[in-house]
Amino acid sequence: MNNLQEVWSKRFNHYMNEVQKYMRFVFTGHLALVFVFVLGALGYQYSEWLEAVDDTFPAEWVVASVVGFIMALSRPVTLLREPDQVYLLPLESKMPFYFKKALTYTLWSQIGLVVILYLVAVPLLRTVTELSSSQIWLILIVIIILKYLNVHIEFNYRYANRGGNLLIDRIARMFLSILAIESALTLSYSFVIILLVLLIAYNSALAKKVKEQPIPYEHFVKAEQNRMMGFYRFANYFTDVPHLHGSIRRRNWLNFVYNLVPYSQKSAQSYLVYRTFIRTDDHFYLWVRLTAISAIVALFVNIPMITWIVAAALAFATTIQLKYALLSSGDFRMDRLYPIEPNQRNQAVRKVLRLFMVIQAVIVMLCSIGQPLFFIPALIIIAVSEATYVMTKDPSVETE
Amino acid sequence: MTVLQLTNVTGGYTRKPVIKELSFTIGEGELVGLIGLNGAGKSTTIKHIIGTLLPQNGEIRLNGVTLNENLNQYRSSFSFIPETPVLYDELTLKEHLELTAMAYGIDRQTLKSRSEVLLKEFRMEKRLNWFPSHFSKGMRQKVMIMCAFLVDPQLYIIDEPFVGLDPLGIQSLLDQMDEKKKAGASILMSTHILSTAEKHCDRIILLHEGRVRAQGTMNDLRRAFKMPDATLDDLYIAMTKEQDNE
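Quick mapping for you: the protein sequence lines, in order, are chains A and B. UniProt numbering numbers the first residue of the first sequence as 1 and each following residue consecutively. UniProt numbering numbers the first residue of the second sequence as 1 and each following residue consecutively.
Treat the hints as calculated values from the structure; they're not laboratory data. Wrong hints could be hidden among the right ones.
As the list claims (entries may be wrong) - Computed list of lysine-lysine pairs in DSSO-like fashion (alpha-carbon distance at most 30 Å, straight line):
no., chain 1, residue 1, chain 2, residue 2
1, B, K112, A, K266
2, B, K16, B, K199
3, B, K120, B, K181
4, B, K226, B, K137
5, B, K180, A, K266
6, B, K120, A, K222
7, A, K209, A, K101
8, A, K21, A, K10
9, B, K180, B, K137
10, B, K94, B, K181
11, A, K21, A, K222
12, B, K112, A, K351
13, B, K126, B, K180
14, B, K241, B, K94
15, A, K100, A, K208
16, A, K351, B, K94
17, B, K94, B, K16
18, A, K266, B, K199
Claimed, not checked - If you anchor each label on the Cβ, the simulated ranges turn out as follows:
no., chain 1, residue 1, chain 2, residue 2, range
19, A, Q225, B, D89, 31 to 41 Å
20, B, G29, A, M229, 43 to 53 Å
21, B, D89, A, Y87, 24 to 34 Å
22, B, T14, A, M391, 31 to 41 Å
23, B, Y13, A, R162, 23 to 33 Å
24, B, D89, A, S134, 52 to 62 Å
25, A, F27, B, E242, 27 to 37 Å
26, A, S47, B, S133, 44 to 54 Å
27, A, G330, B, R108, 29 to 39 Å
Model, not experiment: these values are computed from the prediction. Built from N, CA and C at the ideal position, the CB exists for glycine as well.
Excised from the complex, chain A in its bound form (with noise of 0.2 Å):
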């Protein structure tokens, strides 16, 4: 026992230290600042609406939806690795505490989203429904009972199918949950008490047809990877994740764009920046996510200045943040050898963040057209765009 521990304990603390690494640079960086601005906005035109809602607003359904939806995605944080298939095979009969840890914390790192949904419902709850306070403490309890149970259904389910059909799992948890703090939230606890019952008696029929099987390290191990490139790929958007090969897509339909680029040795950089940037999913998806939340802020926040000020935040992010994935220099590349001028991969990276950030400014002005002054955050995103990238240092001249 003390050896499982052990490994758990060790795994757990470099894990975490992991974690607190990037989240470091999540919060101390600019899109956090954008986000705080983005769910002040989202809070105002919350509790503006709050007051006109109408009392037929289906509210238990939509809380009941969210909710439930979010729930029911309750992957395992196992932080099994590879060679454990190997290593701690002798230990399988001992596994079991092991995963019991694993789920414990599983689930303290997943309830805390779920119940600050449920929370943040808590107002429009008691606008529109007849709850009682302590009615819905007691929803929340019902919520809590609810999330330790999928953790452990999807558990027991992805190592009793070894990782096979989850999505069937995953909707019928996600409808019975839906169910069930749907009826908590019309109180009839009858039916509460039903869809638990259901949901313990799946449970332990998975539970038992886990006794009966070895370890599927494969799948879990193959879990745990994807979750830890999604963090890294994450945390990649804040800061530089060393050694993370971003996903490459062909993404035909924007072939045309290559078409900018002439056939000449002065254009060589140009040829590759413009297709590392439409191709690399991380550099695209990137400036795709942050012109969809500034063309959506522009589009239902009313309040001039706060579109103003997202526009420009979101463009200071878009650009600083595609010119250091662009320009830094990790790995030696082929290109530091070609016979063109040095400064040419800047210019290159330049001329495509212009052309971009044009189209983020031209979608966002169509978002905003209807409002006074609707060309102002588009003036602002070309503005704020240039000067970042006059005033920001080029992150390939330190490393030479």
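Based on the hints, put chain B in the right spot on chain A.
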């Protein structure tokens, strides 16, 4: 005519030099093998020649100029095939060739005619629109080789070219090297496959602990080691023993 000239080159990654007072030359149409134990300084030497490391002392002249005197002329005079293929994940095979051609100022017509020959030689015609993630190690190596030969420079620098290539690939590479040599190009090749080196190299440079231990034709080396009938393998092992005795 001397194509590449190293004069007393000392250098490394840190203050502590890995290669010490290295001097050798490579002439027109010459294939020179750079041989040495692991850690002898082969890769460091190559890094200095391609200019990713700068010498702490001494100078390297390629076609008469140093990197500092004329960066673009220096860089257009050689092409490099690294030991581990370095490809752009986001470019197809065709785009690797096109990018290389653009970067070296090769016009479209020349690109087309040269790449047709190379693609056929290395049997890669059908993979033009593939991304490198779908390539095997050998295919990746072939992409690097094709890009290097596409440039058609004065000097080829080839680091461990035969690892990962299938026998047909090795033969194609040797054929290409031979053809370029006949046209007057020079080749510097580092390798551990000694039998191939012995068979194909005009001259051999034996590196040992960052210094040139011996250089010349096979006969020169045999004289230097006083082993008249030795193969390159024998000489290599003799050098290893020398190291053990120290």
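Evaluated hints:
Under the criterion of a C-alpha separation no larger than 30 Å, the hint pairing B/K112 with A/K266 is consistent with the structure, at around 20 Å. Taken as a hint, the B/K16 and B/K199 pair is broken in the structure, with Cα atoms around 36 Å apart against an allowance of 30 Å. In summary, the hint linking B/K120 to B/K181 is supported, as the alpha carbons are separated by about 20 Å, within the 30 Å threshold. Restraint check for B/K226 and B/K137: not satisfied, since their Cα atoms lie roughly 40 Å apart, outside the 30 Å limit.
In summary, the hint linking B/K180 to A/K266 is supported, as the alpha carbons are separated by about 27 Å, within the 30 Å threshold. Restraint check for B/K120 and A/K222: not satisfied, since their Cα atoms lie roughly 40 Å apart, outside the 30 Å limit. Among the hinted pairs, A/K209 with A/K101 is consistent with the structure: their alpha-carbon atoms are about 20 Å apart, no more than 30 Å. Proximity of A/K21 to A/K10 is assessed by CA-CA distance (about 16 Å); at most 30 Å being required, the pair is judged to hold.
The hinted pair formed by B/K180 and B/K137 meets the criterion: a straight-line CA distance of about 25 Å does not exceed 30 Å. Under the criterion of a C-alpha separation no larger than 30 Å, the hint pairing B/K94 with B/K181 is consistent with the structure, at around 26 Å. This hinted pair checks out: A/K21 and A/K222 have alpha carbons roughly 23 Å apart, not beyond 30 Å. Note on B/K112 and A/K351: the hinted pairing holds, with a Cα-Cα distance of about 28 Å set against a maximum of 30 Å.
Straight-line distance between C-alpha atoms of B/K126 and B/K180 comes to about 25 Å, which keeps the hinted pair within the 30 Å bound. Simply put, B/K241 and B/K94 have alpha-carbon atoms about 48 Å apart, too far for the 30 Å limit, and the pair is violated. The hinted pair formed by A/K100 and A/K208 meets the criterion: a straight-line CA distance of about 16 Å does not exceed 30 Å. Distance restraint check for A/K351 and B/K94: the Cα-Cα separation of roughly 24 Å lies within the 30 Å cut-off, and the hinted pair is therefore satisfied.
The suggested pairing of B/K94 with B/K16 is violated, with an alpha-carbon distance near 42 Å, which exceeds 30 Å. As the CA atoms of A/K266 and B/K199 are separated by approximately 42 Å, the hinted pair breaks the 30 Å bound. At about 19 Å, the beta-carbon gap between A/Q225 and B/D89 misses the expected band of 31 to 41 Å. At about 50 Å, the beta-carbon gap between B/G29 and A/M229 stays in the expected band of 43 to 53 Å.
For the hinted restraint 24 to 34 Å between B/D89 and A/Y87, the CB-CB distance of approximately 32 Å keeps it satisfied. About 34 Å separates the C-beta atoms of B/T14 and A/M391, a value consistent with the hinted range of 31 to 41 Å. Separation of B/Y13 from A/R162 is about 47 Å and departs from the stated range, judged on CB atoms against 23 to 33 Å. Checked against the given bound of 52 to 62 Å, the beta carbons of B/D89 and A/S134, roughly 58 Å apart, stay inside it.
Between A/F27 and B/E242 the beta carbon distance is about 59 Å. The supplied range of 27 to 37 Å is therefore violated. The supplied range of 44 to 54 Å is met by A/S47 and B/S133, whose beta-carbon atoms lie about 49 Å from each other. Between A/G330 and B/R108 the CB atoms are about 33 Å apart, so this pair conforms to the stated range of 29 to 39 Å.
In summary, the structure is inconsistent with hints 2, 4, 6, 14, 17, 18, 19, 23 and 25 from the numbered list given earlier, while agreeing with the others.
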